[in-house]
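Engineer: Using the sequences plus the hints, can you model the full thing?
Chains as they are written, first to last, in the numbering used here: chain A, 4 to 598; chain B, 83 to 471.
Don't take every hint at face value.
[As the list claims (entries may be wrong)] The list that follows gives simulated cross-link-like pairs (lysine to aspartate or glutamate, DMTMM-like), each with its CA atoms no further than 20 Å apart:
#, chain 1, residue 1, chain 2, residue 2
1, B, LYS136, A, GLU125
2, B, LYS136, A, ASP339
3, A, LYS357, A, ASP339
4, A, LYS256, A, GLU570
5, A, LYS512, A, ASP300
6, B, LYS136, A, ASP173
7, A, LYS256, A, GLU547
8, A, LYS269, A, ASP535
9, A, LYS413, A, ASP285
10, A, LYS190, A, ASP285
11, A, LYS219, A, ASP96
12, B, LYS136, A, ASP123
13, A, LYS152, B, ASP351
14, A, LYS190, A, ASP300
15, A, LYS190, A, ASP96
What the hints contain is simulated information worked out from the structure, not anything from laboratory work.
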Amino acid sequence: MIRTPLRPLARILEARARGENPDAIERENLRLRHEQMRDQARLRAEGRLLVLGVAFFCAFVTVGARMGLLAAAEPHEPSAAASSAPIVAQRADIVDRQGRILATNMATHSLYAQPQQMIDKERAARELARIFPDLDEEELLKDFTGTRKFLWIRKKISPEQKQLVHDIGDPGLLFGPREMRLYPNGKLAAHILGGASFGREGVHSAEVIGVAGVEKAFDGYLRDPANGGQPLRLSLDLTLQAAVERVLYGGMKLMNAKGAAAVLMKAETGEIVAMASLPDFDPNDRPAPRPGTQAEDSPLFNRAVQGVYELGSTFKIFTAAQAMQLGLVGPDTLVDANAPMRWGKHRINEFRNKNYGPKLSVTDVIVKSSNVGTANMALEIGKERQQAFFRSLGLFDPTPVELVEAPTGKPLLPAHWGDIHTITASYGHGISASPLHLATAYASVLNGGKRVQPTLLAGGRPETGERVVSEEISAAARTMLRAVVTHGTATFGEVEGYRVGGKTGTADKPNPRGGYYEDKVITTFASVFPTDDPQYILVVTLDEPEDRSGAEPRRTAGWTAVPVAAEIIRRAAPLLGLRPEIAPTPDFALTLASH
Amino acid sequence: MTEMVYGTVPIRAGEPILPRWWRTVDKLTMSCILILFGIGLLLGLAASPPLASKNGFQPFHYVERQAIFGGLALCVMLLTSMMSPNLVRRLGVVGFFGAFVALALLPALGTDFGKGAVRWYSLGFASVQPSEFLKPGFVILAAWLMAASQEINGPPGRTFSFGVAIVIVGFLAMQPDFGQAALILFAWGVMYFVAGAPILLLVGMAGMVVMGGTFAYHNSEHFARRIDGFLSPDLDPRTQLGYATNAISEGGFFGVGVGEGQVKWSLPDAHTDFIIAVAAEEYGLVLVLAIIALYAVVAVRSLFRLMRERDPFIRLAGTGLACMFGVQALINMGVAVRLLPAKGMTLPFVSYGGSSLIAGGIVAGMLLAMTRTRPQGEIGDILMRRTGR
Numbered sequence: 004m005i006r007t008p009l010r011p012l013a014r015i016l017e018a019r020a021r022g023e024n025p026d027a028i029e030r031e032n033l034r035l036r037h038e039q040m041r042d043q044a045r046l047r048a049e050g051r052l053l054v055l056g057v058a059f060f061c062a063f064v065t066v067g068a069r070m071g072l073l074a075a076a077e078p079h080e081p082s083a084a085a086s087s088a089p090i091v092a093q094r095a096d097i098v099d100r101q102g103r104i105l106a107t108n109m110a111t112h113s114l115y116a117q118p119q120q121m122i123d124k125e126r127a128a129r130e131l132a133r134i135f136p137d138l139d140e141e142e143l144l145k146d147f148t149g150t151r152k153f154l155w156i157r158k159k160i161s162p163e164q165k166q167l168v169h170d171i172g173d174p175g176l177l178f179g180p181r182e183m184r185l186y187p188n189g190k191l192a193a194h195i196l197g198g199a200s201f202g203r204e205g206v207h208s209a210e211v212i213g214v215a216g217v218e219k220a221f222d223g224y225l226r227d228p229a230n231g232g233q234p235l236r237l238s239l240d241l242t243l244q245a246a247v248e249r250v251l252y253g254g255m256k257l258m259n260a261k262g263a264a265a266v267l268m269k270a271e272t273g274e275i276v277a278m279a280s281l282p283d284f285d286p287n288d289r290p291a292p293r294p295g296t297q298a299e300d301s302p303l304f305n306r307a308v309q310g311v312y313e314l315g316s317t318f319k320i321f322t323a324a325q326a327m328q329l330g331l332v333g334p335d336t337l338v339d340a341n342a343p344m345r346w347g348k349h350r351i352n353e354f355r356n357k358n359y360g361p362k363l364s365v366t367d368v369i370v371k372s373s374n375v376g377t378a379n380m381a382l383e384i385g386k387e388r389q390q391a392f393f394r395s396l397g398l399f400d401p402t403p404v405e406l407v408e409a410p411t412g413k414p415l416l417p418a419h420w421g422d423i424h425t426i427t428a429s430y431g432h433g434i435s436a437s438p439l440h441l442a443t444a445y446a447s448v449l450n451g452g453k454r455v456q457p458t459l460l461a462g463g464r465p466e467t468g469e470r471v472v473s474e475e476i477s478a479a480a481r482t483m484l485r486a487v488v489t490h491g492t493a494t495f496g497e498v499e500g501y502r503v504g505g506k507t508g509t510a511d512k513p514n515p516r517g518g519y520y521e522d523k524v525i526t527t528f529a530s531v532f533p534t535d536d537p538q539y540i541l542v543v544t545l546d547e548p549e550d551r552s553g554a555e556p557r558r559t560a561g562w563t564a565v566p567v568a569a570e571i572i573r574r575a576a577p578l579l580g581l582r583p584e585i586a587p588t589p590d591f592a593l594t595l596a597s598h
Numbered sequence: 083m084t085e086m087v088y089g090t091v092p093i094r095a096g097e098p099i100l101p102r103w104w105r106t107v108d109k110l111t112m113s114c115i116l117i118l119f120g121i122g123l124l125l126g127l128a129a130s131p132p133l134a135s136k137n138g139f140q141p142f143h144y145v146e147r148q149a150i151f152g153g154l155a156l157c158v159m160l161l162t163s164m165m166s167p168n169l170v171r172r173l174g175v176v177g178f179f180g181a182f183v184a185l186a187l188l189p190a191l192g193t194d195f196g197k198g199a200v201r202w203y204s205l206g207f208a209s210v211q212p213s214e215f216l217k218p219g220f221v222i223l224a225a226w227l228m229a230a231s232q233e234i235n236g237p238p239g240r241t242f243s244f245g246v247a248i249v250i251v252g253f254l255a256m257q258p259d260f261g262q263a264a265l266i267l268f269a270w271g272v273m274y275f276v277a278g279a280p281i282l283l284l285v286g287m288a289g290m291v292v293m294g295g296t297f298a299y300h301n302s303e304h305f306a307r308r309i310d311g312f313l314s315p316d317l318d319p320r321t322q323l324g325y326a327t328n329a330i331s332e333g334g335f336f337g338v339g340v341g342e343g344q345v346k347w348s349l350p351d352a353h354t355d356f357i358i359a360v361a362a363e364e365y366g367l368v369l370v371l372a373i374i375a376l377y378a379v380v381a382v383r384s385l386f387r388l389m390r391e392r393d394p395f396i397r398l399a400g401t402g403l404a405c406m407f408g409v410q411a412l413i414n415m416g417v418a419v420r421l422l423p424a425k426g427m428t429l430p431f432v433s434y435g436g437s438s439l440i441a442g443g444i445v446a447g448m449l450l451a452m453t454r455t456r457p458q459g460e461i462g463d464i465l466m467r468r469t470g471r
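Structural biologist: The following block contains the structure:
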């Protein structure tokens, strides 16, 4: 840049020579330079203003174009909030072993309110309180007029209720679609199915999560979209479950029991075909656990799995089977059964202080249910071997059945297992287990001697269990159990043609304040049928039964649990497809000959 | 001779103020502003009854107030536009100091009206937001300082003005009011740009902003979440933005009809920050495009008129005012159409609000005063060119 000096020497000298003030030249130059600078700045500013103007113009055009695009776009109903992960609302069905529905989903609606969109809040609150009598008008009005912008009113409503709410006509009352878990069979298999409720809830869908039973145990499977809605197939049979529950309910009422449980299991695989616990509940409307009452008395309590009881003499067959397996005795070996038996400061009595002794064959020990005979066999077996055998039958651990409640059904064992405990455990006292434990152990011993695991899944568990007793011992044990029914303590258990075998058990209920009740018992009948081809195990347990049909109340299993179990077998065996064995009559033979 | 016959024609020292004002003022811009004010009243009729009914007033309570304040604002605008740039500069600088003191005293004397930010003085019948008045004052002061720095041996005005801007931004950020702070910074930046910021510095600053943004995006989860939320195509329909966007779609090209709009019942800020959504829903794209065109005309035409201006102070002050006016409208509408992240900013002259209206009147008046047609020494140019310079 060429600059004119502010004081050009030549001009100043000239001016001086002419007698002029040289400062004027400097001022003139200064002015010129200033003007030059301003022109420069102005030109630059002009360009930059142009840039600014164009930029603003473009920005306004952009906003306008965007407005146009939005205006041209189809307005859509507000969709679910994008912030939260989409809620998977599909839940697989649960079916029985033949594919009949046990649990399914139904489309319904939830009701919610957006108070700031409401027109007539007083009327809405009044009408709602009329439609849903359990809602309080005052509370609703307080919610509507407060600062809340959103509130749930009902989690699920029926179509009729929806129509009534719709008819209120308030735009602030809105419906959200819901998948609702439905148990079409009502109370049937309530304890196994458990129940479901809502998890995360959005306006447009809600998670259905299992809260108990298989619904909770298989929650992940049922909700897994990867399964493609494949139903969960249980080992239960709907018809048998219904028959077992109905007969058990009638039996519980006849025997004046306060509770009952039954387990019907396939002996070979451990599949549970029917399992009932009474009193029960409706999983569609699962009651809330009531505080203050004992958990064992709640309808939610699954007596078959969670209830651990002293199952009494039903355990004797384990002792007999183990003694035979160890070669200590045979079915006809005579054992000492002289009652009462003394062990230290304890006295071992028979039922009603009878004495079956001095000697009884092993079969008769089982048939007559001799405590003393069993105790003597147990002493020969010894503590360690008895514990190992019980453990191999699964009597020391919670059942591995697929219910979330299963781990709570942990057997109660003596803290320090002494010889006296070996004696009492041999006839089912001092050790508590659930009816399902008993059914599983019976299945393991009687099915030919292979250990089974209880399961609710159709098809059973794939692995074949280890052997607990040999085939022969298993057959011998079944013969003994058959004898119990034909001429022992369980003669009411005979069902024409099905060759039922079983063992009764009557145990005094422990008093929570120590000792045992005199007049409260748990009676159990554990049975297998048919004994020559063991297919099914049935365990029936009654809580505090009392047969008052006789002169004095009878509480033994033979009078209470056994008739109920027989009735169940009478109803269930044909449904199970078992062929009754009917002795051929002479007429029958004659008819054949005539052909 | 004529004088002797008809008597002396009285000679006036200068042209009377009003005719000269009418001759020189930018009538198109002024019409645009008047139309905008009219639209504001019209939309107020639509948007404010829900608020009035919620606060227990007559349905058109807020429209009446808007009309009163609007009349006041128009008077202020006309008066200001009649002033000479020198007078504007003097009053502007005095006003700036007044507003600055008011701003500085806010933490002690202001109220927050329960909104979490102390921005207002409550005067009983109305509330005053000093930052609204500070903005035009700051523009005038900064333009003066920058213009002075262009004189030979002038003060370092750019540095001074930057310092003032930073102090104001600090005060505003304390309230907190990041929207106004951003506006102040933007106005200063634009004026600095026009006053001749070195290109290298501008490029460097742009690079710094990009790098800083990237750094913040990668290192601050909060910042990243906000940007992601803005960039994500999904929108929670229960937010103000969701309602606004839906309302614009709902309105389509010709609107759902006067008084038929629904969005005003759901949006708490329907009469201020989201008034454009109400306009779009009830009157459709037609009115919205008209509003955008009006703002564009005011801003762009003022800038083009300022290109001819030779006085650096007038040029800079006009630039600052026009850009501030335009960018406020741009931000408001850009938020409604989701071009910009959510930021509360009123639509000048259209949104409801007493102090924002009057401050808007001052800004518009000053802008009109700056863009008046005045001799720019073109004759001198011609004469000089003739003398061969």
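Engineer: If a hint holds in the structure, say so; if it does not, say that too.
Structural biologist: Outcome of the hint check:
Pair hint LYS136 (chain B) plus GLU125 (chain A) holds up; C-alpha atoms about 17 Å apart against a cutoff of 20 Å. Between LYS136 (chain B) and ASP339 (chain A) the CA atoms are separated by roughly 95 Å; this puts the pair beyond 20 Å, and the hint is violated. About 14 Å separates the Cα atoms of LYS357 (chain A) and ASP339 (chain A), which keeps this hinted pair within 20 Å; it holds. This hinted pair checks out: LYS256 (chain A) and GLU570 (chain A) have alpha carbons roughly 14 Å apart, not beyond 20 Å.
Distance restraint check for LYS512 (chain A) and ASP300 (chain A): the Cα-Cα separation of roughly 14 Å lies within the 20 Å cut-off, and the hinted pair is therefore satisfied. Between LYS136 (chain B) and ASP173 (chain A) the alpha-carbon distance is near 19 Å, which keeps this suggested pair within the 20 Å criterion. The straight-line distance between the Cα atoms of LYS256 (chain A) and GLU547 (chain A) is roughly 11 Å, inside the 20 Å bound, and the hint therefore holds. With a C-alpha separation of about 15 Å, the suggested pairing of LYS269 (chain A) with ASP535 (chain A) holds against the 20 Å cut-off.
At roughly 26 Å between alpha-carbon atoms, LYS413 (chain A) and ASP285 (chain A) are farther apart than 20 Å, so this suggested pair is violated. Of the supplied pair hints, the one linking LYS190 (chain A) and ASP285 (chain A) holds, its CA atoms being roughly 4 Å apart against a limit of 20 Å. A hinted pair counts as satisfied when its Cα atoms are at most 20 Å apart, and LYS219 (chain A) with ASP96 (chain A) qualifies at roughly 13 Å. With a C-alpha separation of about 14 Å, the suggested pair LYS136 (chain B) and ASP123 (chain A) falls inside the 20 Å cut-off, and the hint holds.
Restraint check: the Cα-Cα separation between LYS152 (chain A) and ASP351 (chain B) comes to about 16 Å, which is no more than 20 Å; the hinted pair holds. Among the hinted pairs, LYS190 (chain A) with ASP300 (chain A) is consistent with the structure: their alpha-carbon atoms are about 17 Å apart, no more than 20 Å. Restraint check: the Cα-Cα separation between LYS190 (chain A) and ASP96 (chain A) comes to about 17 Å, which is no more than 20 Å; the hinted pair holds.
In the structure shown, a violation is registered for the earlier hints numbered 2 and 9, in ascending order.
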